[in-house]
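J.: Listed here are the chains, written in short residue letters.
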Amino acid sequence: MDKVMRMSSEKGVVIFSKSSCCLSYAVQVLFQDLGVSPKIHEIDKDPECREIEKALMRLGCSKPVPAVFIGGKLVGSTNEVMSMHLSSSLVPLVKPYLC
Amino acid sequence: MWEESFKNNGGLYTPGSIIIPTNEKTDSLSEDTSHGAEGTPHKFDQEASTSRHPDKIQRRLAQNREAARKSRLRKKAYVQQLETSRLKLIHLEQELDRARQQGFYVGNGVESSALGFSDNMSSGIVAFEMEYGHWVEEQNRQICELRTVLHGHVSDIELRSLVENAMKHYFQLFRMKSTAAKIDVFYVMSGMWKTSAERFFLWIGGFRPSELLKVLLPHFDPLTDQQLLDVCNLKQSCQQAEDALSQGMEKLQHTLAESVAAGRLGEGSYTPQMTCAMERLEALVSFVNQADHLRHETLQQMHRILTTRQAARGLLALGEYFQRLRALSSSWAARQREPT
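Chains A and B are the protein sequences, given in the same order.
Using full-length UniProt numbering, the letters of the first sequence correspond one by one to residues 1 to 99.
Using full-length UniProt numbering, the letters of the second sequence correspond one by one to residues 1 to 340.
FYI, nobody ran anything at the bench for these hints, they're computed from the structure.
One or more hints might be untrue.
SDA-like mimics (lysine to any residue), calculated; alpha carbons at most 20 angstroms apart, straight line [what the hints assert, rightly or not]:
(1) K214(B) x S87(A)
(2) K18(A) x E279(B)
(3) K182(B) x N79(A)
(4) K39(A) x Q247(B)
(5) K18(A) x S246(B)
(6) K18(A) x Q142(B)
(7) K63(A) x K235(B)
(8) K45(A) x C276(B)
(9) K251(B) x D33(A)
(10) K18(A) x K168(B)
(11) K18(A) x V285(B)
(12) K45(A) x T255(B)
(13) K63(A) x S178(B)
(14) K168(B) x N140(B)
(15) K18(A) x L256(B)
(16) K95(A) x C232(B)
(17) K3(A) x E80(A)
(18) K63(A) x K168(B)
(19) K251(B) x C232(B)
(20) K235(B) x E51(A)
(21) K63(A) x Q142(B)
(22) K63(A) x Q236(B)
(23) K168(B) x Q142(B)
(24) K45(A) x R6(A)
(25) K95(A) x L256(B)
(26) K45(A) x R280(B)
(27) K63(A) x V285(B)
(28) K95(A) x Q236(B)
(29) K45(A) x K251(B)
(30) K235(B) x L34(A)
(31) K235(B) x S88(A)
Modelling step: build the complete structure from the supplied sequences, incorporating the hints.
T.: Here you go:
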């Protein structure tokens, strides 16, 4: 979906979330802890929420939120972010986008 | 008149439609069929005159009566089956109850029975507890084996398979917990299956990954420079991930409290606020799974960084740590019961 592709490239680190999703919030906190200021899209506040959800699922997310994009590319959800961080592969990826 | 009903195969009174088991309606209809002679008028079309084949009618009537009788017998058998199953179920539940109270909780300490589990503990949770009892037994066995083997001479290959088994054993526990969390997330969150001392250190339904690293670190000396660096990085990223999840949990608690506070009771439990609260609880399951995922990844990374021998020493240390916590719980409970 064009809108999703556009939104996911708006900033170095983009997180699709929902205002009620606390796991999305946890992911946001992690990135902030790493010195990154991610762009948060709360899709439940978007009128096209359903379409965005479907588009995210089609891109390969098992659940629509949280969906993390780094450098415009889909990295994954909480699982992937945590695994990458523990294996030291997350920090190099966000290096260009540090504040 | 009633004769017309029996020539038309599409009608309710045909033998084919009566062969539907446990259908109350059908049964009453089939009851009617046998009294068809006095029956009520129906709305079936008139085709060929039935007065030409009175014996056909008689045969059809007899078939209907037979079918109805068979249907009643089938229904009776089914009901009897249900009754037997129900009794079996009650018996099984009682057995599980007894087994529970007889301490199928190896390593859990006696105080678990004092927690007062009510009878409405779901069978899924009871099953989990029994499985956990077996898990602890196997854990103890593995610890013993590791201890024996590390004191003697053991090949790296043999050690590697022991380490693999120990890792798989922990991963199995995470899978068990995931299943249990879907049944009763509060049970898993509160660490109800653990001993009291273990529960003291509880973090989202289990041990703190960062704590795990602190316990293990002294056992790995000597570490190479690269290993030291890797372990340092792991410690930091583990702590960061843990903090992020903790903050997410705090937010969840806060929003759940808000939903419950705003909820109205009395006109049924499904006001919008309570529905919202229910949705938050679904999120709790995700958190428990994420915490276990973090534990899983921490163990995995440690395994990657260390040599086989170091990993074996680490797993032994970890196992003994939990054993000591369990023993502490038992000692404490025993002390509480002693007359002063």
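J.: Now tell me, hint by hint, if it's right for this structure.
T.: Outcome of the hint check:
About 18 angstroms separates the Cα atoms of K214(B) and S87(A), which keeps this hinted pair within 20 angstroms; it holds. Proposed proximity of K18(A) and E279(B) is supported: the alpha carbons are some 13 angstroms apart, at most 20 angstroms. For the proposed pair K182(B) and N79(A), the alpha carbon gap of about 18 angstroms is at most 20 angstroms, so the pair holds. For a cut-off of 20 angstroms, the pair hint linking K39(A) to Q247(B) stands: about 19 angstroms separates their Cα positions.
As the CA atoms of K18(A) and S246(B) are separated by approximately 18 angstroms, the hinted pair is consistent with the 20 angstroms bound. Distance check on the hinted pair: K18(A) and Q142(B) sit about 44 angstroms apart at the alpha-carbon level, beyond 20 angstroms; violated. Annotation: proposed proximity of K63(A) to K235(B) is violated, straight-line Cα distance about 29 angstroms (limit 20 angstroms). For the hint linking K45(A) to C276(B), the alpha-carbon distance of about 17 angstroms falls within 20 angstroms, and the restraint holds.
Taking the CA atoms of K251(B) and D33(A), the gap is about 17 angstroms. The hint holds against a cut of 20 angstroms. For the suggested pair K18(A) and K168(B), the alpha carbons sit about 35 angstroms apart, so the restraint of at most 20 angstroms is broken. Using a Cα cut-off of 20 angstroms, the hinted pair K18(A) and V285(B) holds, with the two alpha carbons roughly 17 angstroms apart. Between K45(A) and T255(B) the CA atoms are separated by roughly 18 angstroms; this keeps the pair inside 20 angstroms, and the hint holds.
A threshold of 20 angstroms between alpha carbons decides the hint, and for K63(A) with S178(B) the separation of about 17 angstroms falls inside it, so the pair holds. As the CA atoms of K168(B) and N140(B) are separated by approximately 15 angstroms, the hinted pair is consistent with the 20 angstroms bound. Of the supplied pair hints, the one linking K18(A) and L256(B) holds, its CA atoms being roughly 16 angstroms apart against a limit of 20 angstroms. With a CA separation close to 19 angstroms, the supplied pair K95(A) and C232(B) stays within the 20 angstroms bound.
Of the pairs offered as hints, the one joining K3(A) and E80(A) is violated, with about 23 angstroms between alpha carbons and a cut-off of 20 angstroms exceeded. Under the criterion of a C-alpha separation no larger than 20 angstroms, the hint pairing K63(A) with K168(B) is inconsistent with the structure, at around 27 angstroms. Proximity of K251(B) to C232(B) is assessed by CA-CA distance (about 29 angstroms); at most 20 angstroms being required, the pair is judged violated. At most 20 angstroms may separate the alpha-carbon atoms for a hinted pair to count; K235(B) and E51(A) exceed this at roughly 40 angstroms.
Restraint check for K63(A) and Q142(B): not satisfied, since their Cα atoms lie roughly 38 angstroms apart, outside the 20 angstroms limit. Taking the CA atoms of K63(A) and Q236(B), the gap is about 28 angstroms. The hint is violated against a cut of 20 angstroms. The straight-line distance between the Cα atoms of K168(B) and Q142(B) is roughly 12 angstroms, inside the 20 angstroms bound, and the hint therefore holds. Among the hinted pairs, K45(A) with R6(A) is consistent with the structure: their alpha-carbon atoms are about 17 angstroms apart, no more than 20 angstroms.
Using a Cα cut-off of 20 angstroms, the hinted pair K95(A) and L256(B) is violated, with the two alpha carbons roughly 36 angstroms apart. For the hint linking K45(A) to R280(B), the alpha-carbon distance of about 18 angstroms falls within 20 angstroms, and the restraint holds. Restraint check for K63(A) and V285(B): the C-alpha separation of about 14 angstroms stays at or below 20 angstroms, so the hint holds. A distance of roughly 17 angstroms separates the Cα atoms of K95(A) and Q236(B); the hinted pair therefore holds under the 20 angstroms criterion.
Taken as a hint, the K45(A) and K251(B) pair is honoured in the structure, with Cα atoms around 19 angstroms apart against an allowance of 20 angstroms. Taking the CA atoms of K235(B) and L34(A), the gap is near 14 angstroms; set against the 20 angstroms cutoff, the hint holds. Under the criterion of a C-alpha separation no larger than 20 angstroms, the hint pairing K235(B) with S88(A) is consistent with the structure, at around 11 angstroms.
Hints 6, 7, 10, 17, 18, 19, 20, 21, 22 and 25 from the list above are not met by this structure, while the remaining hints are.
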